[in-house]
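Visitor: Given the sequences, and given the hints that come with them, work out the whole structure.
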Amino acid sequence: MTKRMLIMVGCVVLLIAALAFGKFLQIRKMIASAPKPGAQTVTATVVQTANWQPQLISVGTMAPVRGVDLSSEIAGLVQHVKFKSGDDVTANQVLIQLNADSDIAQLHSLQAQAELSATVLARDKAQLAAQAISQAQVDSDAADLKSKKALVAQQMALVEKKTIRAPFSGKLGITSVNPGQYVNPGDKLVTLQTIDPIYIDFFLPQQQLAGLTVGQHLNLANDAYPGVAFSGKVTAINPKVDTATRNVQVEATVANAKRQLLPGMFANVSLDQGQKKRYLTLPQTAITYNPYGSTVFVLKPDDSKNAKKDDKGHAQLVAQQVFVSTGATRGDQVAILKGLSAGQLVVTSGQLKLKNGTPVVVDNKVQPANNPNPTPQEH
Numbered sequence: 001m002t003k004r005m006l007i008m009v010g011c012v013v014l015l016i017a018a019l020a021f022g023k024f025l026q027i028r029k030m031i032a033s034a035p036k037p038g039a040q041t042v043t044a045t046v047v048q049t050a051n052w053q054p055q056l057i058s059v060g061t062m063a064p065v066r067g068v069d070l071s072s073e074i075a076g077l078v079q080h081v082k083f084k085s086g087d088d089v090t091a092n093q094v095l096i097q098l099n100a101d102s103d104i105a106q107l108h109s110l111q112a113q114a115e116l117s118a119t120v121l122a123r124d125k126a127q128l129a130a131q132a133i134s135q136a137q138v139d140s141d142a143a144d145l146k147s148k149k150a151l152v153a154q155q156m157a158l159v160e161k162k163t164i165r166a167p168f169s170g171k172l173g174i175t176s177v178n179p180g181q182y183v184n185p186g187d188k189l190v191t192l193q194t195i196d197p198i199y200i201d202f203f204l205p206q207q208q209l210a211g212l213t214v215g216q217h218l219n220l221a222n223d224a225y226p227g228v229a230f231s232g233k234v235t236a237i238n239p240k241v242d243t244a245t246r247n248v249q250v251e252a253t254v255a256n257a258k259r260q261l262l263p264g265m266f267a268n269v270s271l272d273q274g275q276k277k278r279y280l281t282l283p284q285t286a287i288t289y290n291p292y293g294s295t296v297f298v299l300k301p302d303d304s305k306n307a308k309k310d311d312k313g314h315a316q317l318v319a320q321q322v323f324v325s326t327g328a329t330r331g332d333q334v335a336i337l338k339g340l341s342a343g344q345l346v347v348t349s350g351q352l353k354l355k356n357g358t359p360v361v362v363d364n365k366v367q368p369a370n371n372p373n374p375t376p377q378e379h
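Numbering (this note's numbering), first residue to last: 1 to 379.
Hints listed in this document are in silico derivations from the structure and should not be mistaken for laboratory results.
Remember, it's a predicted structure, so these values are computed and weren't measured experimentally.
There's no promise every hint is true.
As the list claims (entries may be wrong) - Keeping only pairs whose Cα atoms sit at most 30 Å apart, straight-line, the calculated BS3-like set for lysine-lysine is:
#	residue 1	residue 2
1	338	355
2	146	125
3	82	161
4	188	84
5	233	171
6	161	84
7	161	148
8	276	233
9	125	148
10	84	162
11	353	365
12	353	338
13	338	300
Guide: Below you can see the structure in the form of structure tokens.
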């Protein structure tokens, strides 16, 4: 009985083994007959060497060399407005005249009193010479004359305050002041800005101070004027670093003859730093950034025995992932410090479809951006 059971168990084991082997052969046949993945279409570019000017990059705000919102020091009724919005004015030019009729009349009265005091002083000096009056009377007359002259000067200053002048040359803004309007002390009348040249204020991290000097050349780019380059020079560096941000404020002067740049605008600032350097460059789209490092896919001819060939007899290209060290960026480009050499063919788009050994077809009908000085494309 035991022998018979062993024979039955052996038969079952043989049957299972036979079925498993048959299934294995079937799966292997299916794998062998499965279609192999075709070549993936990518764009690629050749690694090239380019001259780069090291630069410090920042964003700044335009500020006038001199700018002020003009206001009245005293209250009064506007009598004349002697300018138009947007006018160019010179220093000391009359802009607004307040009604000063009563003040001028008071000035004339005080001047008459001062003239009378001067006459009295002259007469008393003559009497003093004849010893008709005392020296004390003459001294009193002289003090009275000084007091009257001081009142005249005070009233003249008050009359002068009714005439509002341009404190410096510049360009006026838009005003809503009209004749007959009553203005109070401190009311804004019009803005005056000197904008040629114009300042730009920006901040740089403290670790970049070593590459910053007064007189250093810089370039500006403003989105209001795409493609237009504005040049300037560093004129001042704040002697104090902001303890909250560890940034230092820098002021530069920019020529603005056409008055394209206006106070309050922002602009992108780039400062040349040191001598030009040569770097291997790639479009930024070619780099895949990962927590474990930056990588690119290099295209090489397939050197395997079963490698396919194209119509010209060239071996098909395959992708090979390599690690690279990246440096500074410039527009759409990035500098490659390690991992590549000039002349290698590198994938610039389509990396998500690739792995090591994947066959590829290069189609560069549409290339990724690779401009060191890109400009907005919207129109």
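Visitor: Provide an ascending list of the numbers of those earlier hints which the structure does not satisfy.
Guide: As far as the earlier hints go, not one is violated by this structure.
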